[in-house]
Amino acid sequence: MKRMRALTATIFAAALLVVGVARLGASTPVNGDGSNSRGAATAAAIPLERVAVAANEADGPDAAPAHPAAGGDALLEALLTELDRSKAKLKMDQVQAPYYIEYRVNDVEDYDAEAAFGALRESQRVRLRILRVVVRVGDYKQDSYFGQGTGETNILPLDNDPIALRHQIWLTTDEAYKAAGQALAEKQAEMKRFSPDPNPVDDFAKEPVLTTVAPTVALKVDQSAWDKTLEDMTALYRGYPEIQSVSASARFSATNEYFVDSEGTVTRSGKTTYNLQFNGSAQAEDGMRLSRNPFWTVARAEELPSREKLLADSKQALDTIMALRKAPIVEEEYRGPVLFAPDAADDVIASLVGSNVVGRKPQLGRPNRTVGQFATSYKQRVLPTFLSLIDDPTLKDFQGHSLVGNYDVDSEGVKAQTVNVVENGVLSNYLLGRQPLRDFPASNGHGRAGPGSLPAPSLGVLLLKSEDAQSPDDLRKKMMQMIKDSGNPYAYRVETLGAGNSPRLLYRVYADGHEELVRGAVFNELDTRALRSNLVAVGNDPLVSNRTGGVPTTIICPSLLFDELEVKRADTSKDKLPDYPPPPSQR
Amino acid sequence: MKPFSLSARGARFFTMRNSLRQAGCWVLAAQLAAFPLASSFAAENDAKPGAALTRSTAVDKPGAKPTADVVMTAMQAEMARATKDLGKTDSRPYYMSYTVYDQNLTVLVGAYGSLLTDASLKRRQADVVMRVGDPKLDNTHGQSRASGMSSGTLPLNDDQDAIARVLWELTDREYKRAAPAFLDVRTKMAVRAEEEDKSPDFSKEAPATHISGPTIPPAFDHTAWENEIRRLSGAFRKYPDVYTATVVLQVADSKSRMVTSEGSAIESPSYSVRMVMEASTRADDGMDLLRVETFQAPAVSGLPSEAELTAKISKMADDLKALKAAPVAEPYDGPALLSGRAAAVFFHEVLGHRLEGHRQRDEDEGQTFTKKIGQAVLPTFLSVADDPTTSQIAGVKLAGTYDYDNEGVPARRVDVIKNGVLENFLMSRMPIKGFENSNGHGRNQPGLMATGRQGNLIVTSTQSVPEAQMRQKLIDEVKKQGKPYGLYFDDIQGGFTLTTRSLPQAFQVLPVIVYKVYADGRPDELVRGVDIVGTPLAALTRILLTGDEQHVFNGVCGAESGQVPVSAAAPAMLFSEMEVQKRQHSHDRPPILAAPGFEMTAKDGQGSQSKGEVKQ
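For the record, the sequence lines run as chains A and B.
All residue numbers for the first sequence refer to the working numbering, where the first residue is 1260 and numbers rise by one.
All residue numbers for the second sequence refer to the working numbering, where the first residue is 27 and numbers rise by one.
None of these hints come from the bench; they were simulated from the model.
Check each hint, because a few of them may be wrong.
To be verified - If you anchor each label on the Cβ, the simulated ranges turn out as follows:
no.	chain 1	residue 1	chain 2	residue 2	range
1	B	V559	A	K1487	31 to 41 Å
2	A	A1484	B	E288	39 to 49 Å
3	B	K110	A	K1487	54 to 64 Å
4	A	S1483	B	E493	50 to 60 Å
5	A	R1548	B	E288	50 to 60 Å
6	B	P357	A	L1623	37 to 47 Å
7	B	L209	A	T1831	15 to 25 Å
8	B	G168	A	Q1845	50 to 60 Å
9	A	S1540	B	G113	25 to 35 Å
10	B	P233	A	S1844	25 to 35 Å
11	A	S1540	B	L209	20 to 30 Å
As the list claims (entries may be wrong) - Pairs of lysine to any residue residues, derived as SDA-like cross-links and limited to a Cα-Cα distance of at most 25 Å, are as follows:
no.	chain 1	residue 1	chain 2	residue 2
12	A	K1487	B	D311
13	A	K1346	B	T179
14	A	K1348	B	D311
15	A	K1574	B	T179
16	A	K1835	B	T179
17	B	K148	A	S1504
18	B	K350	A	D1491
19	A	K1350	B	P266
20	B	K148	A	D1491
21	A	K1487	B	E195
Said to hold, decoys possible - Among the chain A residues that face chain B by a calculated CB cut under 8 Å, a handful are:
no.	residue
22	L1349
23	M1351
24	Q1353
25	Q1355
26	A1378
27	D1418
28	R1846
By construction, the Cβ of each residue, glycine as well, lies at the ideal position given by its N, Cα and C atoms.
Chain A on its own, in the form it takes in the complex:
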């Protein structure tokens, strides 16, 4: 059971906007609501193929020769046809011809539903094709990928009609080329402000040609059954008069990614993600807002939890909110041992390590290798020596769980690769896309992007490993010993975190072993320094944490024990309680 995070969502806000807004507007009909006339929409998928075929034939002698690499895929065929034409002929006076062109299409099919208080508020199916075109002018050393030259986005027809597809691709390429021409000039002007770099880093990495056309994926959803499950989960509010708000949502997504570039790479890959989330919130009598947001994310529909399991987990979330309402507030500052359960530890690793090992090039003129806290930490110790960190996107399963961070080809047409990020505590690699960094001239297959957004180096499947992992029991014993040694009456154990790594479920563990749930606390100085110096032991209890929102990633992380962290009272306002009681049930 996991919380949903808002953090990654903001990073990929652009992508979410594109899809998110589309889901406002786009959907196929809702089942079982008797929307008769709309019922025809699903059936419409069948005639599409016929239209496409007819158009193909009508094209006759004008049609470009088929590309074997497309494997008969009409969309790849259209992309390659326009790519050929642009490669051969796209050229304006006084602007260089492109040295590199890429097309990426995300064909997204989504099911989105949300329910509150036992009733559905939204349920829809969306299908959308988003094209992103990058045209680079210049050369691999220095090119136009700057400002407006980072590419153009458009939507593509849903039918496989070659002319209609190519028309949009043609226009978008034209725009991207013109923007690239201007961007290169602007970039060169901007660079004149800085003294030349004696060891310049290339702008773009040339990568081996890859041809891989994997089978497409489709969304298999019993929409009305899931609508009903969401309603049942949120109907639990009836048993909890003090709970103010209850909602649940589902977002199931099947995305087929198509990529072609002028170097000759042609890829097609499919991915499904299934995400369910439950939200409950209440106020304590003193006004403090308390909430739980468990979520379930898997890569295969078969692994979705059963209705019974979801109801049980949702009920448990509401029970813990009720317990939190009665829990004492953390009043006094505490410095001492804190044990993070895997469900909390993964967030710490994702935010403090994950976000700092992606190799993002700094702004023009800035001397650092990368941005983030590990910008100058290459070959330095960033974790305790008993820890290593690997990102392995080729991993499909872990202990029987599907991993949403798995992929074969990244969004820049580069094969996924296993990367040793931290070896025995020392930072040995960054995760890279095709934007080189000093000492890192090539991609390691981590250039990933949400639909329509710019690719950026990103986590795939991040695993925290240790030669010295201990059983949860041993970790706890170790903590009990620390309590004794330190003279504190208790230590803290955190089970799950909320936004900004603030604890949601935090327990005081007393010397006699009993635990007490508390509320209203935050960690002070839970940072990369604490991770390096105060992380003293890890468990052998790794948990798979699948995350969606932006690009899907997986963190596999065990319990973490810190010898000293600061826990203090959160400086949150105590909102007024409702001014009048909730409506009585009419049933």
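Let chain A serve as the given structure and place chain B on it in line with the hints.
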């Protein structure tokens, strides 16, 4: 800066310029947001046989007992609870309303024979309005207006408990905004200089009850329309000069329900269909050229036949081809003839927005007409009314028709200008000096507070000649003034205006088809790249005479209270003087390669670009 725009499209479609950086889905969202929700088509006006099906029962008597509509029942029960419970608090609300908007939308977007978007959407939104204080001064005063409303999403199914629960949440949230906002307003009033217009913040109106009962939407064959949209958009494939082209069909089956603490209970069902065909090209100098055709109907059966639409497409493509080759017009000041549709947009921008009631008391506004009641502002042969109760003019369905406005006030015809003399403003429930009551023009899109807005703005004339003679009248005027030519504005895409004090009082109307009409008998010459500009008071007095036929512009109008569907109707008009300026435009070249499918006819890399060289 508040430019108020009117456009035929409702939202920007796929222009070359923006290249869908935000992608079509953004556009779609804007389209959906723009939907004519509250501004429903009047039931009794939909005389079409097909439309008669949409309404089964209509009970319309004061104090009628509400039916068993679950949503309405939940709204009324929660309203009663909130009135009672919040009534006991220190800052008790003196007015509350709930409006629930049911939207059932279908949007099909076709381009070049294929569908870009095929979407159906169902949603139910609630706006909770709350006023704390008293009608003289409340939390919505001045800049604090937004504190009067909280909005959220309601369950789609008629689950009374769940609907009541969300309404309660929204009401409690709104109360926690409105109560502190009122204290803030009161404090600010104490320290600020006295306002010029000391009118109350909220007018007293009689409660209304209108229960329409369940409705059955007219037939809509989704699959058949998917195919028709594919075929229509495919008709643009024949024209290599048309760079972007879309055909959009929006079908909106909506119902709004409103209850107020004053006892109103109003149901307004509406069903409307809108088709927008848009095509663009780019001249060699980089100017983007656009043609838009829109059709409004109470059901898809009311749209023109496929053959008629295909003929329109062919005309649009021909126009674009001619425009691409047309010379750029020079700045000009002289006699001009506006077609009825062009004159309608001109009046919407220049006059209509300045007659919106709330602008007369906002001290940041230009208040062009505020103190002109009883004075002549137009030539005496012109009269202007805004009439949301009319549903059709000259055989064209009007987009700005509704029964009740968004504040629950019955729609009313308002004669704003009679024989040239200003008599009235378009009023919401925000009073202004001398006008204490609403006249049924309080409009908004869901989620925004209502203001006085236009519905169907209708300009009529007593000094008219047969329309066929208007061109000759223009030539006569050109000769009289000793000018070489006059301008004839045939079609426009929209316009905008600025009404605040911080910027010049100005308007712009964006014509797309403009001809030079020569005095010496030469044939008319199509020109491109002109915008009509001017200042309102001067422009309105230069109308010499009008044609004798009404023409309608249906569009979507954007202002503070959001996007609302509107119509403007006017006859063709001859102006003694009209100023035009060169249009600002992009300098990007037309596409470098030939359009897909035309590689053989035009040589790639040489086609349009080499023409661009000639131009430069």
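**OP:** Given the range 50 to 60 Å, decide if the beta-carbon distance of S1483 (chain A) to E493 (chain B) lies inside it.
**Re:** holds (57 Å)
Original post:
Does the nearest C-beta of chain B fall within a distance shorter than 8 Å of the C-beta of R1846 (chain A)?
Top reply: This interface hint holds because 6 Å falls under the 8 Å limit.
Original post:
Between K350 (chain B) and D1491 (chain A), does the CA-CA distance stay at or below 25 Å?
Top reply: The hint is violated at about 60 Å.
Subject >> P233 (chain B) versus S1844 (chain A) beta-carbon gap, inside 25 to 35 Å or not >> reply: holds (29 Å)
Original post:
Can the suggested window of 54 to 64 Å be confirmed for the beta-carbon pair K110 (chain B) and K1487 (chain A)?
Top reply: Cβ of K110 (chain B) to Cβ of K1487 (chain A): about 35 Å, so the range 54 to 64 Å is violated.
Original post:
Straight-line Cα separation of K148 (chain B) and D1491 (chain A) no greater than 25 Å?
Top reply: holds (21 Å)
Original post:
Taking the beta carbons of S1540 (chain A) and L209 (chain B), is their distance inside 20 to 30 Å?
Top reply: holds (27 Å)
**OP:** With a cut-off of 25 Å on the C-alpha distance, tell me whether K1348 (chain A) and D311 (chain B) pass.
**Re:** It holds: about 22 Å lies between the C-alpha atoms, which stays within 25 Å.
Original post:
Any CB of chain B closer than 8 Å to the CB of Q1355 (chain A)?
Top reply: violated (13 Å)
Subject >> Range hint compliance [Cβ, L209 (chain B) to T1831 (chain A), 15 to 25 Å] >> reply: holds (23 Å)
Original post:
Taking 50 to 60 Å as the hint, is the beta-carbon distance of G168 (chain B) and Q1845 (chain A) inside that range?
Top reply: Since G168 (chain B) and Q1845 (chain A) have Cβ atoms about 41 Å apart, the given range 50 to 60 Å is violated.
**OP:** Using the beta carbons of V559 (chain B) and K1487 (chain A), state whether their distance is inside 31 to 41 Å or not.
**Re:** violated (59 Å)
Checked against the numbered hints given earlier, the structure breaks hints 1, 3, 5, 8, 12, 13, 18, 24 and 25 and satisfies all the rest.
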